[in-house]
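Protein chains in written order, with the numbering used here: chain A, 22 to 212; chain B, 22 to 212; chain C, 22 to 212; chain D, 22 to 212.
Hints are computed from structural coordinates only; laboratory data are not their basis.
Every value quoted in this text rests on a predicted model; they were computed, and no experiment measured them.
Errors might be hidden in some of the hints.
[To be verified] Just so you have them, the derived chain D footprint on chain A, three or more residues with Cβ under 8 Å:
{"hint": "1", "segment": "32-44"}
{"hint": "2", "segment": "97-105"}
{"hint": "3", "segment": "123-136"}
{"hint": "4", "segment": "143-150"}
[Stated by the list, open to error] Keeping only pairs whose Cα atoms sit at most 25 Å apart, straight-line, the calculated DSS-like set for lysine-lysine is:
{"hint": "5", "chain 1": "B", "residue 1": "K47", "chain 2": "A", "residue 2": "K47"}
{"hint": "6", "chain 1": "B", "residue 1": "K90", "chain 2": "A", "residue 2": "K63"}
{"hint": "7", "chain 1": "B", "residue 1": "K63", "chain 2": "C", "residue 2": "K47"}
{"hint": "8", "chain 1": "B", "residue 1": "K47", "chain 2": "A", "residue 2": "K63"}
{"hint": "9", "chain 1": "D", "residue 1": "K63", "chain 2": "A", "residue 2": "K47"}
{"hint": "10", "chain 1": "D", "residue 1": "K47", "chain 2": "B", "residue 2": "K47"}
{"hint": "11", "chain 1": "C", "residue 1": "K63", "chain 2": "C", "residue 2": "K47"}
{"hint": "12", "chain 1": "B", "residue 1": "K47", "chain 2": "C", "residue 2": "K63"}
{"hint": "13", "chain 1": "D", "residue 1": "K166", "chain 2": "A", "residue 2": "K47"}
{"hint": "14", "chain 1": "D", "residue 1": "K90", "chain 2": "C", "residue 2": "K63"}
{"hint": "15", "chain 1": "D", "residue 1": "K47", "chain 2": "D", "residue 2": "K63"}
{"hint": "16", "chain 1": "C", "residue 1": "K47", "chain 2": "A", "residue 2": "K47"}
{"hint": "17", "chain 1": "A", "residue 1": "K63", "chain 2": "D", "residue 2": "K164"}
{"hint": "18", "chain 1": "C", "residue 1": "K47", "chain 2": "B", "residue 2": "K47"}
{"hint": "19", "chain 1": "A", "residue 1": "K63", "chain 2": "D", "residue 2": "K63"}
{"hint": "20", "chain 1": "C", "residue 1": "K149", "chain 2": "B", "residue 2": "K63"}
[Said to hold, decoys possible] Derived DEER-like restraints, expressed as beta-carbon distance ranges:
{"hint": "21", "chain 1": "A", "residue 1": "V195", "chain 2": "B", "residue 2": "Q150", "range": "39 to 47 Å"}
{"hint": "22", "chain 1": "A", "residue 1": "S182", "chain 2": "D", "residue 2": "F142", "range": "28 to 36 Å"}
{"hint": "23", "chain 1": "A", "residue 1": "W163", "chain 2": "B", "residue 2": "Q150", "range": "46 to 54 Å"}
{"hint": "24", "chain 1": "B", "residue 1": "W163", "chain 2": "A", "residue 2": "Q94", "range": "51 to 59 Å"}
{"hint": "25", "chain 1": "D", "residue 1": "P62", "chain 2": "A", "residue 2": "S154", "range": "45 to 53 Å"}
{"hint": "26", "chain 1": "D", "residue 1": "G93", "chain 2": "A", "residue 2": "R89", "range": "31 to 39 Å"}
Each residue gets a CB set at the ideal place from its N, CA and C atoms; glycine is no exception.
Number of protein chains: 4
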Amino acid sequence: MKANRMEAFSDGVLAIIITIMVLEFKVPEGHNWHALFALGPKIVSYIFSFVYVGIYWNNHHHLLHMVRKMNGQLMWLNLLLLFWLSLVPFTTAWMGESRFAATPTALYGMILLFSAVSYRFLHLAILKQHDASFAAAIGNGWKVKLSPLFYLASVGTAYISTWISGFLIVLVAVMWLVPDKRIEHAMGDGG
Amino acid sequence: MKANRMEAFSDGVLAIIITIMVLEFKVPEGHNWHALFALGPKIVSYIFSFVYVGIYWNNHHHLLHMVRKMNGQLMWLNLLLLFWLSLVPFTTAWMGESRFAATPTALYGMILLFSAVSYRFLHLAILKQHDASFAAAIGNGWKVKLSPLFYLASVGTAYISTWISGFLIVLVAVMWLVPDKRIEHAMGDGG
Amino acid sequence: MKANRMEAFSDGVLAIIITIMVLEFKVPEGHNWHALFALGPKIVSYIFSFVYVGIYWNNHHHLLHMVRKMNGQLMWLNLLLLFWLSLVPFTTAWMGESRFAATPTALYGMILLFSAVSYRFLHLAILKQHDASFAAAIGNGWKVKLSPLFYLASVGTAYISTWISGFLIVLVAVMWLVPDKRIEHAMGDGG
Amino acid sequence: MKANRMEAFSDGVLAIIITIMVLEFKVPEGHNWHALFALGPKIVSYIFSFVYVGIYWNNHHHLLHMVRKMNGQLMWLNLLLLFWLSLVPFTTAWMGESRFAATPTALYGMILLFSAVSYRFLHLAILKQHDASFAAAIGNGWKVKLSPLFYLASVGTAYISTWISGFLIVLVAVMWLVPDKRIEHAMGDGG
Chain A
22 MKANRMEAFS DGVLAIIITI MVLEFKVPEG HNWHALFALG PKIVSYIFSF
72 VYVGIYWNNH HHLLHMVRKM NGQLMWLNLL LLFWLSLVPF TTAWMGESRF
122 AATPTALYGM ILLFSAVSYR FLHLAILKQH DASFAAAIGN GWKVKLSPLF
172 YLASVGTAYI STWISGFLIV LVAVMWLVPD KRIEHAMGDG G
Chain B
22 MKANRMEAFS DGVLAIIITI MVLEFKVPEG HNWHALFALG PKIVSYIFSF
72 VYVGIYWNNH HHLLHMVRKM NGQLMWLNLL LLFWLSLVPF TTAWMGESRF
122 AATPTALYGM ILLFSAVSYR FLHLAILKQH DASFAAAIGN GWKVKLSPLF
172 YLASVGTAYI STWISGFLIV LVAVMWLVPD KRIEHAMGDG G
Chain C
22 MKANRMEAFS DGVLAIIITI MVLEFKVPEG HNWHALFALG PKIVSYIFSF
72 VYVGIYWNNH HHLLHMVRKM NGQLMWLNLL LLFWLSLVPF TTAWMGESRF
122 AATPTALYGM ILLFSAVSYR FLHLAILKQH DASFAAAIGN GWKVKLSPLF
172 YLASVGTAYI STWISGFLIV LVAVMWLVPD KRIEHAMGDG G
Chain D
22 MKANRMEAFS DGVLAIIITI MVLEFKVPEG HNWHALFALG PKIVSYIFSF
72 VYVGIYWNNH HHLLHMVRKM NGQLMWLNLL LLFWLSLVPF TTAWMGESRF
122 AATPTALYGM ILLFSAVSYR FLHLAILKQH DASFAAAIGN GWKVKLSPLF
172 YLASVGTAYI STWISGFLIV LVAVMWLVPD KRIEHAMGDG G
């Protein structure tokens with residue numbers, strides 16, 4: 022029952038995060054397409070973040086299904102993940118407003134990196150509740166391990182070219198958009 | 022179970038969308054009715070959007086009841102629908118602030134158009150989970166097919182007269198406010 | 022099942038309404054108690070609205086428990102109620118910012134009046150699903166009938182003295198803060 | 022059933038409180054780390070509040086599990102708690118913006134104090150539903166009794182040094198971050 026409440030609370034926070042980002046789109050100063058296009062980088066920024074929060078929402082759901090027993094550690098690891106994700110609207114707005122300047126883009130990658138590392142911690146803590154064979158089937162998710170490396174690289178490359186950073190970040194999204202069949206199979210319910 | 026979570030998440034996002042639109046009503050500068058009436062176009066704009074989001078909430082509920090098996094495709098089509106709807110507060114504010122200028126009104130119609138098309142995709146993906154006779158009874162919903170056409174027309178006519186655009190958009194709302202008896206009958210639970 | 026979803030959606034909207042009102046408290050310009058006290062009227066305004074939305078949340082819960090069969094009419098009457106309540110943060114902010122000037126206070130009473138009338142409509146529609154004896158035991162709630170009259174009076178008296186308006190509005194709150202024993206008894210579950 | 026709805030409503034309000042605090046992070050004026058570091062005190066402020074709201078969310082969950090029978094008193098005590106917590110985003114923003122000036126820091130402690138006292142009232146009201154032995158095992162929670170004293174001290178010391186206030190407030194957080202084993206044991210579900 023408690024995992025349900027953690028799931029409901031997390032869903033609430035994720036739904037708010039994904040929606041309040043839109044509050045950063047200030048009404049354009051003119052009433053023509055030109056005025057709207059000035060918002061371009063903010064909109065691109067928003068699309069990125071919408072997709073990432075969407076991916077987290079989906080993966081988080083899979084992950085929490087594997088919880089056998091709630092405890093304080095899982096709750097605080099989950100809050101740590103939500104903390105980093107709660108900063109996404111801020112970094113999204115900064116990156117968009119700066120038209121993808123180096124530092125805001127690096128910060129964006131850093132927040133995604135910290136989120137991914139927190140997710141990995143939560144993932145490991147939940148795997149501990151299962152025996153080795155289940156963990157072997159599920160746990161060594163290369164995606165969970167690889168994502169932080171890509172985000173780390175995106176932080177570093179932001180000062181060379183934010184196009185490279187953006188490309189690395191998009192790669193992670195593409196990687197996750199393919200659903201993780203192994204978890205679905207192991208859970209035996211098709212997801 | 023997963024459809025429930027998607028439903029809860031969607032409800033959360035829709036509840037936030039419908040409520041944060043009110044944050045666009047800045048406190049009037051005077052303390053009299055005249056100062057309030059200056060907000061008129063924003064309030065009309067808000068009423069429109071409140072009704073559309075309300076309609077989506079209701080239809081979405083009917084639609085998700087028909088889901089037999091959740092999968093990644095449905096989840097992402099649902100997120101695509103929520104993405105377009107999440108832009109409604111922005112376009113509502115712009116249209117209201119511009120007092121129904123042509124381009125903001127056209128954009129408003131476009132966002133409703135993209136939402137309607139996404140809804141149609143979700144609708145088709147869910148119908149695929151049912152056999153032909155059920156799909157024949159339910160699926161060829163003329164409303165789902167007709168709405169995008171009306172929205173498309175409203176985008177085009179915004180540059181002739183935003184009154185025509187508004188009229189077309191209102192027509193869609195009127196069309197949907199009549200509950201879809203066929204789905205209710207087919208589901209056999211009166212809705 | 023559908024009443025559950027309407028309840029969840031309404032709870033979501035009410036939770037957001039009650040919370041975003043706080044966003045109207047701009048950070049004071051100084052760092053002392055004097056700067057904080059300048060927010061006084063806004064805080065009083067907020068306390069009022071917090072209590073009213075709290076009362077609606079509680080009564081709404083009692084009311085929805087009496088729903089036997091969901092239909093489109095109930096859904097739209099419920100959305101009408103949420104529409105008026107969604108304007109509460111705006112009128113709260115205006116009333117507070119104006120330090121209880123006549124027109125903002127009258128508007129505040131009007132929005133509460135329209136909310137109360139919508140609630141009455143929803144109440145009547147739900148009572149129709151029950152037989153006459155149940156309706157006789159429950160339905161002629163004098164509170165539901167009396168509240169709109171008090172709000173109406175508060176609108177009118179705002180131009181004489183907003184203290185009288187405030188007093189009338191407080192009377193309604195006091196009236197509702199005493200829980201309605203009859204519904205609890207009739208439902209037989211103590212509430 | 023009603024406790025469930027109160028829980029869901031409270032979760033919604035807490036999720037919104039924790040997330041809208043981020044809206045106080047205005048986009049920095051420059052695009053470099055220096056501009057970001059100017060937000061430092063706001064971010065520290067936010068981390069504090071995120072942890073406190075997280076602690077309340079967790080404790081609240083334990084507490085509501087002990088409710089045997091919902092009534093109006095519990096509902097209004099719960100709303101009183103939510104009222105004080107709803108002011109946390111405001112005091113967080115003021116404290117951060119003032120870079121921990123004495124009065125904003127004192128107010129921050131006061132809001133936490135009022136929240137803690139409200140929590141204590143709710144705690145006592147729920148314990149009354151249990152017999153003396155259960156109350157003896159659970160009810161005399163030294164944490165619930167001690168927290169208000171620490172907050173009270175933090176208010177007073179803010180005018181000597183906000184470092185002392187901060188230290189006292191951190192002590193309360195540390196105290197709560199250790200999960201209350203007694204409740205978990207008494208409930209016998211480890212959760």
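Given the hint that B/K90 pairs with A/K63, does the C-alpha gap stay at or below 25 Å? 36 Å, violated
Just to be careful, I want the Cα atoms of D/K47 and B/K47 compared with a cutoff of 25 Å; is the pair within it? Holds. D/K47 to B/K47 sits at ~18 Å (cutoff 25 Å).
Is the listed coverage of the segment 143-150 of chain A by chain D valid when you require three or more residues with a beta carbon under 8 Å from a beta carbon of that chain? violated (count 0)
Starting from B/K47, check that the Cα of A/K63 is at most 25 Å away, please. 23 Å, holds
Pair hint outcome, B/K47 versus C/K63 [Cα-Cα no greater than 25 Å]: At roughly 15 Å apart (the allowed maximum being 25 Å), C/K63 and B/K47 satisfy the hint.
Are B/K63 and C/K47 close enough, with their CA atoms no more than 25 Å apart? This hinted pair holds, its Cα atoms lying about 23 Å apart.
Taking the Cβ atom of D/P62 and the Cβ atom of A/S154, is their distance within the range 45 to 53 Å? 50 Å, holds
Pairwise hint evaluation, A/K47 against D/K63, where the allowed Cα distance is 25 Å at most: 23 Å, holds
So if I understand the rule, the pair passes when the alpha-carbon distance is 25 Å or less; does C/K47 with A/K47 pass? Distance of about 18 Å is within 25 Å: holds.
Under the criterion that the straight-line Cα-Cα distance not exceed 25 Å, is the pair C/K149, B/K63 satisfied? 36 Å, violated
Given hint A/K47 paired with B/K47 - CA-CA distance at most 25 Å: 13 Å, holds
25 Å Cα cutoff - pair C/K47, B/K47: Roughly 13 Å separates the two Cα atoms, so the pair holds.
Going down the numbered hints, you'll see the structure goes against 4, 6, 13, 14, 17, 20, 21, 22, 23, while the others check out.
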